[in-house]
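**Q** With these hints in hand, go ahead and build the complete structure from the sequences.
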Amino acid sequence: GCGGSQQGQTKTDQKMRIGVVVKALNSDYWKIVEAGAKAAGEKYGADVTVLGPNAETDVTGQISMIEDQITKKVNALVVAPSQPSSAIPVFNKAKDAKIPVILADTDAKWDSKVSFVGTGNLNGGKLGGEYLAKILGKGKKVVILRGALGDPTHDDRANGAVEALKAAGLEVATIQPANSDRAMAVTVMENIIQSKQEFEGVFCTNDEMALGALKALEAAHINVPVVGFDGSPDGLTSISEGKLNASVAQSPYNIGFQGVEAAIKAAKGEAVDKRIDTGTEIINKDNVKQKLDELKKILGK
Amino acid sequence: MSTNPQALPADAGTRKFRIKEVLQKLGALISLVVLSGILTYLSPYFLTMDNIMNIARQSAINSLIAIGMLLTILTAGIDLSVGSVVALSTCVMGILVVKMGMSPILGIIACLGIGALVGCVNGLTLTKMSLPHPFISTLGTMNVARGLALILTAASPISNFPWSIQYLGAAFWGPIPVSFVLVLIVYGLFHVFLNYTTVGRYIYAVGGNPEATRLSGINIDKVLIIVYSISGFMAALGGLVLVGRVNAAFPLAGLGYEFDAIAAAIIGGASFLGGEGTVWGTLIGAMIMAVLRNGLNLLSVSAEMQTVAIGIVIILAVYIDVLRHKAAKKAK
Amino acid sequence: MSTNPQALPADAGTRKFRIKEVLQKLGALISLVVLSGILTYLSPYFLTMDNIMNIARQSAINSLIAIGMLLTILTAGIDLSVGSVVALSTCVMGILVVKMGMSPILGIIACLGIGALVGCVNGLTLTKMSLPHPFISTLGTMNVARGLALILTAASPISNFPWSIQYLGAAFWGPIPVSFVLVLIVYGLFHVFLNYTTVGRYIYAVGGNPEATRLSGINIDKVLIIVYSISGFMAALGGLVLVGRVNAAFPLAGLGYEFDAIAAAIIGGASFLGGEGTVWGTLIGAMIMAVLRNGLNLLSVSAEMQTVAIGIVIILAVYIDVLRHKAAKKAK
Amino acid sequence: MDQYFLSLKGISKSFPGVKALNNVDLDIKAGEIHALVGENGAGKSTLIKILTGAYQYDEGEMACQGNQVRFASTKDSHNLGIACIYQELSLTPNMTVTENIFLGREMRIPGVGLLDYRRMNRIAQQTMNDLGVDIDATKLVRSYGMGYRQMVEIARALVENAKLIIMDEPTSSLSEKEVKILLENIHKLKEKGIAVVYISHRLEEVLDVADRITVMRDGCKITTMDKQEADQEKLIQLMVGRTLEEKFPKIVAKKGSLALRAEGITQNDLLNNVSFDLYQGEVLGFAGLVGAGRTELARAIFGADPIDSGKIYIDGEPVKINSPEDAIRHGMAFLTEDRKGQGLVLMHDIRFNSTLSGLKRFCTFGPFINTKALENEVESLIKDLQVRPANSLITTRLLSGGNQQKVVIAKWLCSQAKIFIFDEPTRGIDVGAKVEVYNLINRLVSEGAAVIVISSELPEVMGISDRILVMHDGEITAEFAQSEATPEKIMRAATGGISDEYKSASAAG
Ligand SMILES: Nc1ncnc2c1ncn2[C@@H]1O[C@H](COP(=O)(O)OP(=O)(O)OP(=O)(O)O)[C@@H](O)[C@H]1O
Ligand SMILES: Nc1ncnc2c1ncn2[C@@H]1O[C@H](COP(=O)(O)OP(=O)(O)OP(=O)(O)O)[C@@H](O)[C@H]1O
Ligand SMILES: [Mg+2]
Ligand SMILES: [Mg+2]
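Residue numbers (the numbering used here), protein chains in the order written: chain X, 1 to 301; chain P, 1 to 332; chain H, 1 to 332; chain Y, 1 to 509.
No false leads were slipped in.
From the structure, some residues in chain X lie toward chain P, with a derived Cβ separation under 8 Å: (1) Lys31; (2) Thr174; (3) Pro177; (4) Glu190; (5) Gln194; (6) Ser195; (7) Leu211; (8) Pro233.
Honestly, the hints are just simulated from the structure, not real lab data. Backbone N, C-alpha and C fix where the C-beta goes; we use that ideal spot for every residue, glycine too.
**A** Structure representation (structure tokens):
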């Protein structure tokens, strides 16, 4: 708090610059992360730039963005690496340039990171699996729709869910990719229904796919719980209408906000916790109202 | 008259020739039949009424976009922007109708209008700026339209469209999806357009020999602008069906649709060198793509293997057509 | 002999004409200079040694892939599989070297070999199966190679490559990235290959008029197989640099690289109709793409606006070339 | 004033580096047949492209029936009743004959607005029948050879209700019979009061058909004269600025050993059991009507198309020729009749094209091309063949038709073959250059090469061949030594008249 503002005053004309590089800026989730990051920048009087490539799968594009931030000699970096192991060389470059790096949303096995802010997708997937297990019970079968194969975010979410479901004695009927796309999820779900596979629940690694799957299930008059991921505005609305059963929500706003907060601290040379847990929770009909209100406040609309 | 000018038999009219003609027109049909046969054998669920309607519905969006793509391919061009047009046109419609409460009819008009407009821009940049190839102009608008869709929606989807907008993509007449009826009507219209109107024939002429076409006093630029406008329009129509299907417009809609549309046209016998390709071939091409995806899902093929299988089937589908052509030539 | 046969002035030889010739060859150079000028004005970080080396490094992978793509475009073809080849070849190398402990040299050979092999398969399916257009064969292998990469790696990345493998992509000679030196050497070799060897000239001939080329006694199939093998090889080389850059091989590597490579070649003056395009133009095309992305990042342009800007600049870059051509024609 | 349908005054047109037209005046009376002659590159095609609005002139003025006009596109000229057959065939091969004939002026069903294929097909077929060619109007243009395509172009111009029809070398790939029909048709047009501008390098035709003749040279109009004032010598003198000593400078070379033997070449319906021998130092002429299968035979021998049966011997040895590559390896060269579609890579320069087939010869160091040697060779070829402009770095697309033909010839000279097959080698070449080509053929045979010449111009086949084979309907129907050949005999064989005689004779021999 105090020390920070003092240092800020010593270089009044030289505002602190924080570079935030996320996986992409093409979804609600990252937009909320951006909102959080910007809010933190405003609060602490730092200049926060949020960048992200076109798609979460554009690994090299993201690395170039980080490099370009290093070129700009930002005071600290907050990065949500889309392919953690691939980003390590560029992290080392940042370290050489004496730029502290905070990892947000997705962790990487890199010893020199200042901190990891978030909960991790694996844990989120586990939470979703456990929730389904709880409402379905032992021996039931679950269909999983996931994002593009090889996309680490969705690998983690799917793996976490599978782990939890198996641990609770449930079965995974099939895992099919629907590339995080609502329309493709409809098609894939239609075909799964058509193949007369038995299942009592559906887990999707993001809300878009969950809403698509829901659409196909509704059309076939199949009423099974569908659990999504991300707690997106559309997902929450659907939950409040009693359609989507639940969504696993990390706190994107907090990830952005606390990520930048940690970055500012690190840039000032203050100590930062190695691990900042932003919390993950299940949103269902019980708490959806409150979450929707929070979300509206965050998005300020 | 025949859709595929190449397939015109020397003495049409006799019964036997008609069948041959149809076979020649619809070369890809054999691939489709073979593929369906295999899938029927492998999965008991494939050849059910339910599933056929499934496929009809699933192929509708690509079919609509592919017919526009066919026109561009006939002129030896390409339209990479179709996927982005799907996103932009539907997102604008979403904003107008859902967020601003405009009437659904006006929303639909806006959606289709934006599609045609982006297409028109493609045509104009191609012709008036003398860009060397539509790859450039449409790659440009592909990026611009996607960016605009993201900006306008602030990257979040728009749901809860009125039923009148969802109708095309969601409604059924009995067991038959309206979207499939739409596809058949559209394809019928395009058949007439391409074969029985001057502009339709000029499209083939431009692809066959642009210089000769120009010297025949035909305004090539006008033809191209019409072609790209239609392609944009059809992409928006595909978008409209998509909105009905998922009851949402979202800025990432249509990612990669250009590949599916191009593949449909080419599998259906269109040539990148221009001037060759048929309406019905394209429909079959779109069907092959849909049947393939559907079948692999039904068989619960693992996702990785699906990717591999799609690659192999695309090649084989076209190869069967090549073999058929060769056999037909020998038989003569 | 000239790289771009069309651009030759009526009386080459005098000093003045040489400069003109160079300008004509490297039409895209003007776009690059204009773009760099604007960025220098807008961002103090742009024209720094550090950043120039940044751009050199960031453009390296696309440059390597684009030169292979250029060859396919010169033959009026296309290679959609390059992105998947990047993934497959590097993943196999990862498995061999990191997981199975094979020597790095053998790993590199395997990587490049697999690239050439997939390319060769592209060429063979195209020619021996008489597929109508490489769009089909390479769309097929694009899917197959991606699927195989996913299967082989069980969809997870492979890290911790030995330094010898990382060298090309990660090492520096002084301030200069080795990858950029590699690009310059490769481009020099390709310049010689395309202009001073028979096969190189045949590549231009095949694209310009395949029938005339065949009747001139040239084995078109052989030329095409060589072209696609080289394209695959270059994609694998690009992959090798990528592995050095990120110290990892991953099955989703190279997604969408085909668009960037094609755009580089086309911005650099290559024509989809075949027979036209230059080595150095392609390098400049790749530079334009890299400078654009870099500049927009430096200016902290938002992602959506970047998408829009890239779309517009792609069109403008080519348009400037068109205008220059027109002006050159008038001036004569 | 009104006596001129079209009049041009002081027309100039420049292309980068060339002044194609320089202050040209031209008047065309209504209903006259006006011939345009001149060397290759004289500017004839450019002039008529200005007439149709395909090009725009830089200076000058143009009037149609007394009204000042300026054509922005071919549409404008078409609206005034000007139709044109361009020198380089301009058909769309992926469409039917009917569609090509009506391209840009389709007929529609009244009231409905859709295309009226019935009516168009009927008219097209009728026109083709009137022209006496066996063409199915509903077939694709792609399935017909050059001669037929030329007839389709002619039909295209006839179908229109034009007031002026321009024909740029309409007969360059036609044989005697078709030419005759065409000339008859032109006379009919004249009777209907339609003016015709006629461009040809075949001066006999010009003198036969024209009312007035305009001679051009180097982009300038030299003179316009009435037919009565003109004769061949005078025209040649005006065109090339000198007289030609001999139109067919024939030398008889020493006949060597058997160079090529074709035995029973059969291909679908196109070729039926064709056999012949070709000796070193011999020029073997092939005569026949359009569609006789001469081109098919050449392509089959050269490996360009697969054959069903038959054997080929070179220097007495049986050889397998499955591709042009094989043929070239065995020392063959094949100059195709379609220079644009099968001869040239139009976007590339003269140097590129003329060395394409012989490129390996210049590799002195591994696979690398010795550029210096290549340049020298190209320069000397350009000089030998009088290619104009004599700049090896000019894109071949920009050359005049005749000069393009010379580049294709250069390509095969450069390949240093032993057996040459020339399909219509002088197509579109001016009289002066023709003599050069004949001299060249003489040089080849005197150096021991064997040459096949396929030509639709009877005087040419008779003038330069040692032996003449006549084809009809995919078969060889007669063989003549140069001394015994007469136009009548050849025509009779070409229409299938004496095939039986030949068959029994060759069976006996
Ligand atoms: N588009 C063009 N660009 C540049 N030069 C051209 C172009 N068209 C023609 N030329 C040049 O103009 C001159 C006249 O050509 P044109 O085709 O009119 O000759 P021509 O009299 O028809 O010859 P030919 O008898 O060989 O057909 C030639 O030198 C030719 O190279
Ligand atoms: N690509 C083709 N496919 C089918 N038939 C063809 C093809 N090309 C030519 N023909 C037919 O082959 C026969 C021989 O034609 P071709 O043009 O070779 O004769 P030609 O004696 O060389 O006459 P021309 O003077 O027209 O060249 C004709 O009946 C023609 O219609
Ligand atoms: Mg001419
Ligand atoms: Mg012929």
